[in-house]
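Could you put the whole structure together from the sequences, leaning on the hints where they help?
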Amino acid sequence: MKKILTLSMLICLSGPVFAEPSSLVAYDRETRALIRDGNVDNGQKLAKSAKCKKCHSMNGIAEDSDDPNIAGMSATYIFKQLKDYKDETRSEKSMVKAVKKLSDQDISDLSAYYATQQLSAAAHATESVPVLVHYGDRKRMVRACNSCHGQNGEGGMYDMPALNGQSKGYFVATMEEFKEEDRTNDIYWRMRDIAKELSEDEIEELANYYSAVDPDGDEDDEDEDEDDEDEDKE
Amino acid sequence: MHIDQTEKKWIWISVLMTFVMMGVLTLYAVGSNIHPPSGFEPIDSTRLHLSEEFSEDNLGLKKNDDGTLTLTMVAARYGFYPSKVEVPVNTPVKIRIASADVLHGVHVPYTNFATMVVPGYISEVNTTFMKTGDFTLLCNEYCGLGHDHMWSRLKVVPKSSS
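Residue numbers (my numbering), protein chains in the order written: chain P, 8 to 241; chain V, 8 to 169.
Just so you know, not all the hints are guaranteed correct.
[Said to hold, decoys possible] One-sided and incomplete, this derived list gives chain P residues near chain V with beta-carbon spacing under 8 Å:
#1 SER29
#2 ASP35
#3 CYS62
#4 GLY143
#5 ALA151
#6 SER154
#7 CYS155
[Claimed, not checked] Some chain P residues close to chain V (C-beta under 8 Å, calculated; not the full set):
#8 ALA26
#9 PRO28
#10 ALA33
#11 ARG145
#12 MET148
#13 ARG150
#14 GLN158
#15 ILE194
#16 TYR195
#17 TRP196
#18 ARG197
#19 ASP200
[What the hints assert, rightly or not] Sample of chain P residues lacking proximity to chain V, with all beta carbon distances greater than 10 Å (derived):
#20 LYS55
#21 SER56
#22 ASP111
Hint data in this document are derived by calculation from the structure and do not stem from the laboratory. Please read all numbers here as calculations on a predicted model, not as lab measurements. Ideal Cβ placement from N, Cα and C applies to all residues, glycine included.
Quick look at the structure:
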C-alpha cells in the first residue's frame with residue numbers, strides 16, 4: 008500500500024499536468040505516408056462491413072440531413088476526424104463506437120475510399136453570397152470562410168473540410184457545437200473562435216449558401232437495397 | 008541569332024553588375040564577420056500542438072517566476088493564436104512564436120514588433136508596447152490563399168488592469 012501511495016505521489020509531483028490536446032493527430036511524415044498509402048479497394052470493403060454506408064451511403068452522400076456528406080472530402084481531413092473519434096477527442100457516441108475496432112490502416116483505407124467519391128455538386132440553395140464567405144469581419148476577427156475552406160468551398164489543406172454541398176442540418180449543428188465548445192478538436196480554437204462570434208442568423212445564412220439540395224429527391228436505390236439487406240441480417 | 012551591339016553591351020554590363028554586387032556582399036560578410044544567427048531553437052512544426060510549450064493551454068500571456076512576462080503564440084494558416092491577447096503598456100514582454108505549418112511573418116503596425124516565423128524554429132522578440140489601444144497582428148509573408156485574412160487582435164491595456 009505504501010508503495011502505491013509513494014508511486015502516486017511521485018507521479019503527481021513529477022511535473023506540471025497539461026490538459027489533453029484538442030487532437031492527438033499530427034500531420035508528420037509517418038502520418039502523411041500512412042494517409043497517402045490508403046487502399047481504396049480495402050476502404051470500399053470496410054465502408055460496407057464497418058457500416059459506414061448506413062449513414063453516409065457508399066457514395067458518401069448522407070440520406071439524413073443531420074449526417075454529414077463526406078464524399079470528396081480530403082483523405083487527410085477524414086483521417087483526422089476518424090482518429091479523433093478513436094482517441095475520443097471528438098465525442099459523438101455512435102462514431103466513437105463505430106471506429107473503436109478500426110486500425111490506423113483501416114482508417115487510412117476508409118479515408119482514401121471516401122476521398123475518391125464525387126464531392127457533392129455545387130448546389131448553393133441561395134444565389135446571394137453571404138459577406139462572410141469572401142470578406143469575413145475584421146472587427147470581430149472573423150476570417151473569411153473561403154480563406155481556409157477554398158475559394159469555392161471545395162476544402163483546403165489537411166484538416167480544412169469542404170463545405171460545398173454539406174448537409175444543412177449537420178452544418179448548423181456543427182457550428183453550434185463549436186460555439187458551445189461541445190466540439191473541440193479544431194486545433195488552436197480555429198473554428199471555435201469564429202463560431203462564437205457568429206449569430207444564429209449568420210450560421211443559418213451560411214448553411215443555406217453551402218448546403219446541398221435535399222437528398223430525398225435522388226436516393227441511390229442500390230445503396231438503399233444494400234442497407235435493407237444489412238438490417239435484415241442484424 | 009543576331010543580337011544588336013547595344014543589347015550585347017547591356018547584357019555584359021548586367022552580368023558584370025551581378026558579380027560586382029556579389030563581391031561587395033562577400034567582402035562585407037567576411038570583413039564584418041557576419042554569419043547566420045546562432046542559438047536558434049528548432050521545433051517540430053507538424054507536432055506543435057502536442058509540444059509542451061505550444062500546447063493550447065500554455066499559449067497566451069504568462070508571468071514568469073522572476074516577474075517578467077512571456078507571450079507565447081502560434082502562427083498557423085490563417086491566424087495568430089490565441090486570436091485575442093492582452094498585454095500591459097510600458098512593460099517588457101518576451102514574445103515567443105512558432106509556425107504550425109508554413110512561413111509566416113508577424114507584424115503589428117504602429118509598434119516595433121515584427122518578425123519572421125519560420126517553420127521548424129521558434130522566433131523570439133523582446134519588446135515593450137508604448138501605447139494603449141487595439142492593434143492588429145498581420146501576416147507579412149505570403150502564406151497561401153487566405154493570407155490577406157490572417158489577422159488577430161492585440162490589446163495593450165493600462166498596467167493596473169492587466
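Subject >> Index of numbered hints that the structure contradicts, given in increasing order >> reply: 3
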